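Given chain A's structure and the hints, the job is docking chain B onto it.
The chain contents come next:
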Amino acid sequence: MSAYITSTGSFLPGPPIGNDEIEEVLGLVEGKPSRLKARILKANGIKTRHYAIDKSHRTLFSNAQMAVEAARTCLAGSPVPLRSVGLLSCATTQGDLVIPGFGSMVQAGLGIPEVELHTTHGICSSSAMAIRSAVNTLRLAEQSTALVVVSELASRLFKSSRYEAAGGHEAIDFDSEFLRWMLSDGAGAWLLESQPRGRCLRVDWIRSYSHADSFPVCMSIGHPTDAEDARTWQDFGTYAEAEAAGALLIRQDVRLLENIVKVGVDGALRLIDEGLLDMSRLDHLLCHYSSHHFRSKIFDMLEMCGARVAEEKWYTNLYTRGNTGCASILIMLDDFLREGRARPDATILCMVPESGRFNVAYIHLTVVEAS
Amino acid sequence: MTESVVLARPDVLSELGQATLRRLLRAWFDFERRLARVPIIQRLEGGTFTREDYQRLLLNLRPQVVEGSRWITRCASSFDREHADIRSVIIGHAQDEHRDYEVLESDYVACGGDLAAIRARLRNPGSEALHCFLMYRASEPNPVGLLGAMWIIEGLGAKMAKEWAARIEQLTGVAQDSTRFLRYHGSNDESHMDKLYGLLDRVCTSEAAADDILRTAAVVGRLYALQLEEIDVG
Chain A
189 MSAYITSTGS FLPGPPIGND EIEEVLGLVE GKPSRLKARI LKANGIKTRH
239 YAIDKSHRTL FSNAQMAVEA ARTCLAGSPV PLRSVGLLSC ATTQGDLVIP
289 GFGSMVQAGL GIPEVELHTT HGICSSSAMA IRSAVNTLRL AEQSTALVVV
339 SELASRLFKS SRYEAAGGHE AIDFDSEFLR WMLSDGAGAW LLESQPRGRC
389 LRVDWIRSYS HADSFPVCMS IGHPTDAEDA RTWQDFGTYA EAEAAGALLI
439 RQDVRLLENI VKVGVDGALR LIDEGLLDMS RLDHLLCHYS SHHFRSKIFD
489 MLEMCGARVA EEKWYTNLYT RGNTGCASIL IMLDDFLREG RARPDATILC
539 MVPESGRFNV AYIHLTVVEA S
Chain B
473 MTESVVLARP DVLSELGQAT LRRLLRAWFD FERRLARVPI IQRLEGGTFT
523 REDYQRLLLN LRPQVVEGSR WITRCASSFD REHADIRSVI IGHAQDEHRD
573 YEVLESDYVA CGGDLAAIRA RLRNPGSEAL HCFLMYRASE PNPVGLLGAM
623 WIIEGLGAKM AKEWAARIEQ LTGVAQDSTR FLRYHGSNDE SHMDKLYGLL
673 DRVCTSEAAA DDILRTAAVV GRLYALQLEE IDVG
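So the sequence lines, in the order shown, correspond to chains A and B. Just so you know, we're using the numbering used here here: the first sequence kicks off at 189 and counts up by one. Just so you know, we're using the numbering used here here: the second sequence kicks off at 473 and counts up by one.
Isolated chain A (complex conformation):
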């Protein structure tokens, strides 16, 4: 049995927000503009993104609502009726509720009866885990249709009030501000079937390599600002104390970030060695990190060892859609297909790097036509 992506959909809340409007939405911490914003935006190259909150910090779309919207768009492009979905496989970084699992909320929102449910937990690569589960289920012929829905609502973490509650400018540093200028909101969905339908994408293989045994945590929520304090957020007496200690801020240890490039390249080289990946036959590389992260010395080495992916093969919607974490790869493939870039027999590598504690997933697709 194989698995084919026969339809895709996405949902991005509200209008595109330009770089000069970000702080109008997220708010000025203690009334002062950020000193780091321009530098971080210049480095990531993002020009516009979408937020599910408004300037008054009201939530216009919950995370589950965005997921449901993306799923509906995906199903609207397919003759498969909602009730035929056998498996609903969902992922998010943070659901609206701490429990139950995100998938339950998405199922309720969609109104699919008696579906088999799967929710994965993690950051960016949780999407690949949800896709993997769907693909495996189809390959085992346990279901014939699976809907993967992945959604990210990061902006609620970035409200100025969050930073003020954690001590304001005095207490926040580069690592706790970095992701404020990086992440934004959106949802994506893929419909997978065990038979091809029209022009669709065959899932050739999925692989991932995690390196949490070798590296410290690089992106997290739960540690207080004081690095000497070993408590995590639930160890505090109240959530208010945890927030005041900075334990609810999302952080990126920027010093460790270069390792994600190394483990990303390492995984790709491993796939080449195993004969799964043939760079000379690869037509498109989709990644929510932009290609300039892969320049530097490693770039020269990749050129020398014949493993560099030519610039014109890179596809990303990062600059206009923003970095929507786990939802990125689903939204990206949706945009890619809508732009009519999928030619028959073309091969596509989706690369999903997660810097949380260094996991990188690879999904290889081939464009096929159902006979």
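Derived from the structure by calculation, the hints contain no laboratory data. Each hint can be trusted.
Distance condition first, Cα-Cα at most 35 Å in a straight line; then the derived DSBU-like pairs of lysine-lysine:
{"no.": "1", "chain 1": "A", "residue 1": "K501", "chain 2": "B", "residue 2": "K667"}
{"no.": "2", "chain 1": "B", "residue 1": "K667", "chain 2": "A", "residue 2": "K450"}
{"no.": "3", "chain 1": "A", "residue 1": "K225", "chain 2": "B", "residue 2": "K634"}
{"no.": "4", "chain 1": "A", "residue 1": "K347", "chain 2": "A", "residue 2": "K225"}
{"no.": "5", "chain 1": "A", "residue 1": "K235", "chain 2": "B", "residue 2": "K631"}
Computed from a prediction, not measured in an experiment: that's the story for all the values here.
For chain B alone, kept in the frame of chain A given last:
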């Protein structure tokens, strides 16, 4: 007649050269992850590395550094007339680095260490194993596999210069006059890489040679990590 022989960076590596470079890159990433699991490096990455840790690091590196030029020169002398161009490159390399240990000693003294103590320090078990392995391989005829050793050791030199030196200064408060040995290896990084590509193109002419290079890189990486692990044992 002092015209130096240079194995220039090739425009394109052979297919085997490319495959070998891919394997070397993976061996390097594997080595870096192995290093990241060594206690003293975990302290460096985690931010709890102290001045005493730095002194212990230098104390444990010196015996291997002071012997370094021995295996490199031995390696040079093991290449026969058919490999005279490689021999020239390696002699030049030995000449560049044969007094590195003096820089290391002065760094140790600058950060508060005792010169007599570092000079009296014997090899730790990891250094012993590393030194013996390198001398053994260097004594074999035409030891092309040692390109794998060079790959790991040169790569580590660049990592020390680019990552460790500033991190150590930041965490321990030692000045740049105490990190000259670590920093020194970053200065010629690009020319070292070009030299390495040239050597790879020259020596990687069979699968057997490629396997030999990779095996040597794996052993050197494992023993180098052992040398650093032993800092917390001894």
